[in-house]
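A.B. asks: The chain contents come next:
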Amino acid sequence: MPYILLIIYLAAALALQLLTGSFPVSFMAFPLNLIFFVIWLAGMLWIWRAGRRSLFVRFILSPGATFTAIGLLLAAVLVMGFTGWRWVASTWVFVALMLYFQTVLLFVILRGWREATAADARLGAVRWRFVFLHVGLLVAVASAFWGAPDSETQRVKAERGNQLKEFVLEFSPEGAPSMFKAVVDIDGEDVELKVNHPYKRRFGEDVYLLSYDASATVGEEVRYCVLQIVKEPWKYGAAAGIVMMLAGALMLFVGGPRRNASNDWE
Amino acid sequence: MIGNDMITWKLFIWFGLASVGLSAAGAVAALCADDHWSASSLRYRRRRTLAVSLTSAALAVFAAFIIGLWISLERPPLRTMGETRLWYSFFAILAGLFTYLRWRYRWILSFSTVLATVFVIINILRPEIHDQSLMPALQSPWFIPHVTVYMFSYSLLGCAFLLALVGLFSGKGDVLPAADTLVYVGTAFLTFGMLSGALWAKQAWGHYWSWDPKETWALVTWLCYLLYIHLRLVGRVSRRGLCLLLIFAFLCLQMCWWGVNYLPAAQDSVHVYNR
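Those protein sequence lines, which keep their order, are chains A and B. My numbering puts the first residue of the first sequence at 1, with every later residue one more than the last. My numbering puts the first residue of the second sequence at 1, with every later residue one more than the last.
Honestly, I wouldn't trust all of these hints.
[Stated by the list, open to error] Okay, derived cross-link-like pairs now, DSSO-like style, lysine-lysine, Cα gap no bigger than 27 Å in a straight line:
1. A:LYS157 - A:LYS194
2. A:LYS194 - B:LYS214
3. A:LYS165 - A:LYS200
4. A:LYS194 - A:LYS181
5. A:LYS157 - A:LYS200
6. B:LYS214 - A:LYS231
No lab work stands behind these hints: they were computed from the structure. Keep in mind the model is a prediction, meaning the values are calculated, not measured.
Extracted from the complex, chain A is given alone in its bound form (with noise of 0.2 Å):
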């Protein structure tokens, strides 16, 4: 029953696809996507603490469920991979994975952040590594998810003899660019950028030197090059779920594997 259940919701995320064309992601920028956010959190925070024994509860906490929410995303993925269609990430279907692959997240981390002891099990203590894996995956993941929609990338071409002020290139002795920098004026200030070096112009929004004149070679002036403005806002939250993962991972080579029978899949 349950797999029906979820069969119908990927079928009318599909259905949605072919009626309507991809997810409308810049329709959900800000507040939308907030809005959207508080109303999935709180709702599947409510249903955890009134609705236990519910079929839904039970199937979202099942080996099943967790199996279907990675085996679907590499199905997803795996078509990503041979095709190279990176328009897939933005379709209905995979924003319905998505979902449901947090939702399974959201729910094993409720059961499984601290041990179950056989008395009490508000008692139990927290478990470290689950606790970095699967948070940090989950806010990695929601950042992006819900994040999306207020990412923008802008190019922008900055001329010598109006916003670009110095440039720098450097040549290898094959003759390939080993290094280039540039000086631009960004909001009446003069900045130097690098590549691996952007600057931050304001809170979620970083400005990176992305190309510059090709046809300049070995002594010759560089007359242009290119800038990507990035805003992201919600970039601090992928960070800080990359962060945690990081810890993790390192929990994961220190500790191999280990079973806590009492807690995985009651």
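Assemble chain B onto chain A, guided by the hints.
C.D. replies: For chain B alone, coordinates are given in the frame of chain A:
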């Protein structure tokens, strides 16, 4: 710029063959120990010490070449396919030694030697070592940890793949507990590699994740091992099925490592540096 007294690719054939030879001798020493010898007997311990010493010597020779090449190139040798294969061979022998010390499988050193030898031979016959300079995007403190961590996890998961093959075709004993440890440690390093890549991509290109073909295949690989780990926790899937999953996961890993370079759909990847 590069003097005659420095270590260059021209010398690789000697270093590579010496290292593979020592590793093979270590593997033979390990194989010669008999299953019936008790682990504490003197002759068993002698064999074991001999196997470990020979394999360590193989690692030392290989490390000497990598360090020498690093110095002569004036940058870490991590960029071309030839250079990453160098690390792979080194880590394959290291992972084999680790598995041998930990679980005492007599045959694992033979397998890791074969794995390392394949990549040494490819490097001798088809080096792909051109392009001596390091392009600007790769000039970052993330570069060395990102690549070495991946190479180390690839070699651990390579050993898990060999165990899965043994489990699938010989049916002798249960190889999965040993594979578990390799997969846990390998996946931990796979996670380091993928996440350090995401942090670096944000710094270099502006986005943590952009579904670049290399990223997509890295995620495929990671999800395969994630699925294995979670399936093992429940234990409802047959050993055969789990061995097949480990084999499939390793094939995806190959796709991520070098297969994408040949995939028509992946020709716009920003991760191909040696075209």
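A.B. asks: The structure should be examined with respect to each hint, and the outcome stated for every one.
C.D. replies: Verification of the hints:
Note on LYS157 (chain A) and LYS194 (chain A): the hinted pairing holds, with a Cα-Cα distance of about 15 Å set against a maximum of 27 Å. Distance check on the hinted pair: LYS194 (chain A) and LYS214 (chain B) sit about 24 Å apart at the alpha-carbon level, within 27 Å; holds. At most 27 Å may separate the alpha-carbon atoms for a hinted pair to count; LYS165 (chain A) and LYS200 (chain A) meet this at roughly 19 Å. Of the supplied pair hints, the one linking LYS194 (chain A) and LYS181 (chain A) holds, its CA atoms being roughly 5 Å apart against a limit of 27 Å.
For a cut-off of 27 Å, the pair hint linking LYS157 (chain A) to LYS200 (chain A) stands: about 18 Å separates their Cα positions. A hinted pair counts as satisfied when its Cα atoms are at most 27 Å apart, and LYS214 (chain B) with LYS231 (chain A) qualifies at roughly 24 Å.
In summary, the structure agrees with every hint in the numbered list given earlier.
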